[in-house]
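Number of protein chains: 2
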Amino acid sequence: MHPVTPHTGSIPTLRAQELGVREALRKSDWPRAGTLLRELTATQVERLLDRSDPKDVPVVFRLLDKDVAVDVFAAIEPRQQRDLIEGLQDDDVQELFGQLQASGQARLLDEMPAEVAQQLLASLPGSQRASAGTVLGYPAGSVGRRMRPVLIELRSEWTVAEALDAIREADIPERRQRFIARLPVVAHAHQLQGMIELSRLVTADQGATIESLMDTDVLAVLATEDDETAARLCAEHDLLALPVTDETHRIVGLLTVDQAFDILEEEESEDSQRAGGSTPLAQPYLSTPVKRLFRARIVWLLVLAIGAILTVQVLEVFEETLETMVVLSLFVPLLIGTGGNTGNQAATTVTRALALGDVRPRDVVRVLRRELLVGLSLGATLGALGLLVAGLVYSWDLGAVIGLTLLSVCTLAASVGSLMPLLAKKIGVDPAVFSNPFISTVVDALGLIVYFLIARLILGI
Amino acid sequence: MHPVTPHTGSIPTLRAQELGVREALRKSDWPRAGTLLRELTATQVERLLDRSDPKDVPVVFRLLDKDVAVDVFAAIEPRQQRDLIEGLQDDDVQELFGQLQASGQARLLDEMPAEVAQQLLASLPGSQRASAGTVLGYPAGSVGRRMRPVLIELRSEWTVAEALDAIREADIPERRQRFIARLPVVAHAHQLQGMIELSRLVTADQGATIESLMDTDVLAVLATEDDETAARLCAEHDLLALPVTDETHRIVGLLTVDQAFDILEEEESEDSQRAGGSTPLAQPYLSTPVKRLFRARIVWLLVLAIGAILTVQVLEVFEETLETMVVLSLFVPLLIGTGGNTGNQAATTVTRALALGDVRPRDVVRVLRRELLVGLSLGATLGALGLLVAGLVYSWDLGAVIGLTLLSVCTLAASVGSLMPLLAKKIGVDPAVFSNPFISTVVDALGLIVYFLIARLILGI
Numbered sequence: 028m029h030p031v032t033p034h035t036g037s038i039p040t041l042r043a044q045e046l047g048v049r050e051a052l053r054k055s056d057w058p059r060a061g062t063l064l065r066e067l068t069a070t071q072v073e074r075l076l077d078r079s080d081p082k083d084v085p086v087v088f089r090l091l092d093k094d095v096a097v098d099v100f101a102a103i104e105p106r107q108q109r110d111l112i113e114g115l116q117d118d119d120v121q122e123l124f125g126q127l128q129a130s131g132q133a134r135l136l137d138e139m140p141a142e143v144a145q146q147l148l149a150s151l152p153g154s155q156r157a158s159a160g161t162v163l164g165y166p167a168g169s170v171g172r173r174m175r176p177v178l179i180e181l182r183s184e185w186t187v188a189e190a191l192d193a194i195r196e197a198d199i200p201e202r203r204q205r206f207i208a209r210l211p212v213v214a215h216a217h218q219l220q221g222m223i224e225l226s227r228l229v230t231a232d233q234g235a236t237i238e239s240l241m242d243t244d245v246l247a248v249l250a251t252e253d254d255e256t257a258a259r260l261c262a263e264h265d266l267l268a269l270p271v272t273d274e275t276h277r278i279v280g281l282l283t284v285d286q287a288f289d290i291l292e293e294e295e296s297e298d299s300q301r302a303g304g305s306t307p308l309a310q311p312y313l314s315t316p317v318k319r320l321f322r323a324r325i326v327w328l329l330v331l332a333i334g335a336i337l338t339v340q341v342l343e344v345f346e347e348t349l350e351t352m353v354v355l356s357l358f359v360p361l362l363i364g365t366g367g368n369t370g371n372q373a374a375t376t377v378t379r380a381l382a383l384g385d386v387r388p389r390d391v392v393r394v395l396r397r398e399l400l401v402g403l404s405l406g407a408t409l410g411a412l413g414l415l416v417a418g419l420v421y422s423w424d425l426g427a428v429i430g431l432t433l434l435s436v437c438t439l440a441a442s443v444g445s446l447m448p449l450l451a452k453k454i455g456v457d458p459a460v461f462s463n464p465f466i467s468t469v470v471d472a473l474g475l476i477v478y479f480l481i482a483r484l485i486l487g488i
Numbered sequence: 028m029h030p031v032t033p034h035t036g037s038i039p040t041l042r043a044q045e046l047g048v049r050e051a052l053r054k055s056d057w058p059r060a061g062t063l064l065r066e067l068t069a070t071q072v073e074r075l076l077d078r079s080d081p082k083d084v085p086v087v088f089r090l091l092d093k094d095v096a097v098d099v100f101a102a103i104e105p106r107q108q109r110d111l112i113e114g115l116q117d118d119d120v121q122e123l124f125g126q127l128q129a130s131g132q133a134r135l136l137d138e139m140p141a142e143v144a145q146q147l148l149a150s151l152p153g154s155q156r157a158s159a160g161t162v163l164g165y166p167a168g169s170v171g172r173r174m175r176p177v178l179i180e181l182r183s184e185w186t187v188a189e190a191l192d193a194i195r196e197a198d199i200p201e202r203r204q205r206f207i208a209r210l211p212v213v214a215h216a217h218q219l220q221g222m223i224e225l226s227r228l229v230t231a232d233q234g235a236t237i238e239s240l241m242d243t244d245v246l247a248v249l250a251t252e253d254d255e256t257a258a259r260l261c262a263e264h265d266l267l268a269l270p271v272t273d274e275t276h277r278i279v280g281l282l283t284v285d286q287a288f289d290i291l292e293e294e295e296s297e298d299s300q301r302a303g304g305s306t307p308l309a310q311p312y313l314s315t316p317v318k319r320l321f322r323a324r325i326v327w328l329l330v331l332a333i334g335a336i337l338t339v340q341v342l343e344v345f346e347e348t349l350e351t352m353v354v355l356s357l358f359v360p361l362l363i364g365t366g367g368n369t370g371n372q373a374a375t376t377v378t379r380a381l382a383l384g385d386v387r388p389r390d391v392v393r394v395l396r397r398e399l400l401v402g403l404s405l406g407a408t409l410g411a412l413g414l415l416v417a418g419l420v421y422s423w424d425l426g427a428v429i430g431l432t433l434l435s436v437c438t439l440a441a442s443v444g445s446l447m448p449l450l451a452k453k454i455g456v457d458p459a460v461f462s463n464p465f466i467s468t469v470v471d472a473l474g475l476i477v478y479f480l481i482a483r484l485i486l487g488i
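If you're matching them up, the sequences are chains A and B in order.
Under my numbering, the letters of the first sequence match residues 28 to 488, in that order.
Under my numbering, the letters of the second sequence match residues 28 to 488, in that order.
Keep in mind the hints are simulated off the structure, nothing from the lab.
Note that the structure is predicted; figures quoted are calculated from it, not measured.
Every residue gets a Cβ at the ideal spot worked out from N, C-alpha and C, and that includes glycine.
You may find that some hints are simply not true.
[Unchecked claim] Residues of chain B clear of chain A, computed beta-carbon distances all greater than 12 Å:
hint	residue
1	Q121
2	S154
3	G418
4	I454
5	I485
[Stated by the list, open to error] Now the stretches of chain A that chain B is said to cover, found in silico as 3 or more residues with beta-carbon under 8 Å:
hint	region
6	201-207
7	365-371
With the hints as constraints, model all of the structure from the sequences given.
Quick look at the structure:
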């Protein structure tokens with residue numbers, strides 16, 4: 028038997044296959060493309076679809092073997108699933124849909140127009156429809172939407188041997204076996220009493236009772252809890268599975284590590300895209316149609332451009348001052364740029380700290396005190412430099428204006444930048460929505476006012 | 028027995044305890060603080076330290092019970108560990124250090140001055156020093172630095188029953204048991220042959236051989252592989268543990284899910300802080316001293332401010348044009364702001380896609396084609412609007428200047444914004460280092476040149 032060859036590159040590149048498939052598609056050589064695709068695992072095909080031009084996605088999908096197609100369909104993002112479905116026959120759609128887990132069905136239904144969603148739901152057999160219905164009963168963004176079903180429940184009065192027998196008898200399908208690495212222990216009516224890791228069962232004395240071995244000081248979340256919060260708990264406490272319960276302490280599902288990973292990855296992508304001033308794409312970049320990229324960006328650009336009209340108006344107010352001293356206009360980009368950068372730094376740091384739970388809205392006074400100090404220090408350093416450079420090159424009066432403006436703008440920007448995400452969180456909006464570009468726009472207008480007021484005062488115009 | 032009470036808030040707030048401890052510390056009431064602290068688990072104390080003022084951290088730490096202190100020390104960031112160590116006795120330091128896993132020891136040593144690191148390493152007993160040395164032998168940022176030791180290796184010729192016996196006999200300490208959810212199967216000399224999940228062993232026929240059950244189509248990484256790449260593989264393929272090997276296919280460790288979570292969380296924090304234009308903090312916000320926040324930000328601000336002097340010079344070149352038509356200066360913040368925002372959007376999207384492996388440097392042509400299209404569409408939309416508004420309020424000549432400038436700047440910004448991260452990755456720099464503020468600065472200067480050239484052309488000045 029040969030040893031395993033370790034993977035040495037980055038995420039498996041499969042460059043040859045990918046290029047081959049793309050080449051075959053361009054030549055409309057379907058048999059060749061099909062042959063190449065059949066050499067790939069479902070995960071590899073998923074990767075390839077994530078990197079395919081949007082128009083190629085349905086073509087590739089139709090060339091797949093049925094069982095691979097089902098796995099691939101389950102693995103891609105709901106938005107990609109929706110795009111795919113549009114080009115398929117109703118029968119195929121219903122079959123693919125029926126193969127998804129209840130949580131996957133719920134996420135796809137959220138993406139579909141209401142009437143199509145109704146039809147799809149109606150196409151499911153009774154029991155599946157009921158599970159999908161339960162999941163759909165939890166609000167979007169809740170952990171109830173993302174949890175996995177409980178495959179087996181243990182009883183505290185059982186011995187280890189009895190528990191292991193029960194696990195064997197449960198006849199769990201192979202591809203779901205890895206989700207039983209941490210198991211719930213329940214009393215009557217599915218009341219959660221504790222959790223136990225499978226490894227503990229394997230290593231413990233076979234005659235010991237579950238009660239004597241299980242963790243009873245267990246973290247659990249309500250099914251209505253925010254999915255990101257639940258996923259972070261999972262990560263922070265190194266849990267293989269986090270139990271999800273209803274208000275009556277009944278276990279209704281498990282958030283497994285793999286789901287926690289997916290949730291956190293989605294959240295990070297959303298936060299990062301919002302921080303860059305666009306609407307989250309919710310699908311891989313290369314497989315996103317250009318017109319969808321456009322739509323994700325134009326709304327915020329328009330809002331920001333309209334906000335920036337404020338700066339035109341501020342400058343108009345000070346037009347006379349500008350006419351008297353055109354040299355003042357030379358520093359406008361530098362000053363508002365520095366303000367924007369300082370605001371960005373503070374906003375990004377606080378937004379991330381909020382996401383990690385390191386900072387909470389009630390810490391507003393502590394955060395503000397720190398950012399005022401940081402902003403003042405940054406402003407003093409940059410201001411001294413500005414004073415010196417502008418003073419030497421132009422005049423000491425102008426130097427004083429630039430220096431004082433930098434001091435004020437940095438202090439202002441750090442404070443505004445740190446407060447906005449806290450405010451957003453407080454009123455229940457994603458802190459990343461008050462994103463860096465938005466803060467820059469506010470700081471730009473305020474900074475210009477400060478600049479011209481200081482200029483008028485010192486230069487006496 | 029009472030059912031488990033699900034946790035309903037966000038990450039456990041422990042507000043009462045936290046306020047109590049902070050109050051006791053302020054009053055220098057050490058016994059009271061100690062009593063409150065002893066009610067908390069190690070994870071809860073870690074959370075509290077993450078949210079404590081830097082000056083309180085060593086005080087809290089000294090009040091902990093010894094066993095809790097060891098767990099807390101292992102859980103906090105290396106930078107926090109270093110800060111703590113500075114205030115402790117040599118004996119205590121050596122003991123705490125000795126309790127860390129080899130990977131934790133290596134990370135802490137990286138934070139320490141060379142001579143202190145030497146002393147600490149020398150304080151370890153022989154076998155521990157050897158493991159720490161092995162880990163230190165892998166480059167910083169490699170998965171070899173973060174992997175966990177292999178606790179047990181299975182043999183392909185064993186039966187399931189024999190494997191389970193071997194696991195029991197290995198006598199794995201309880202707190203490490205959860206790391207055996209996925210086990211390596213090896214031949215002579217630790218050659219990796221396959222992997223098997225513990226759940227598969229439990230559910231399979233006790234007489235079956237490991238060979239017939241194990242996964243042989245196994246993903247593995249070299250110990251020198253980048254830790255983020257390895258962690259993403261773990262996440263993408265839903266692995267409970269990813270085997271780490273050397274060049275001769277010998278297994279040298281396992282990247283377990285909990286470690287993968289930690290690595291990804293650190294990387295996301297770094298990327299987000301870099302995207303905001305600051306040096307990553309590598310420790311929680313509230314426990315970071317203000318002067319460290321200052322240092323993390325001032326360098327980039329200075330670099331960006333010096334870069335922005337370019338805009339002053341560009342404007343100086345066009346000072347005559349500005350004197351002739353002061354109205355042109357009114358639009359400067361709006362135009363460069365829009366350019367900066369468009370560049371941000373493209374840069375953030377591409378940086379994130381690179382981090383996820385959705386895009387690779389060799390996709391440069393595909394990315395550029397897409398971003399040119401998106402930039403043109405965004406520019407056309409905003410340009411049309413700019414033409415209309417500036418045309419109606421000022422003059423159609425000026426409207427044409429604003430409209431054309433927006434069209435050009437958006438196209439330029441989207442292209443530059445998308446190319447920079449790809450270029451960074453290509454030359455082996457973290458793409459997030461070419462962060463949004465940096466791109467804005469470049470786009471600002473280029474945008475101003477375009478603006479004044481178009482103005483001169485159309486307005487004939």
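Do the hints match the structure? See the list:
| no. | hint | in the structure |
| --- | --- | --- |
| 1 | Q121 | holds (26 Å) |
| 2 | S154 | holds (24 Å) |
| 3 | G418 | holds (14 Å) |
| 4 | I454 | holds (16 Å) |
| 5 | I485 | holds (19 Å) |
| 6 | 201-207 | holds (count 4) |
| 7 | 365-371 | holds (count 5) |
When held up to the earlier numbered hints, the structure conflicts with none and fits them all.
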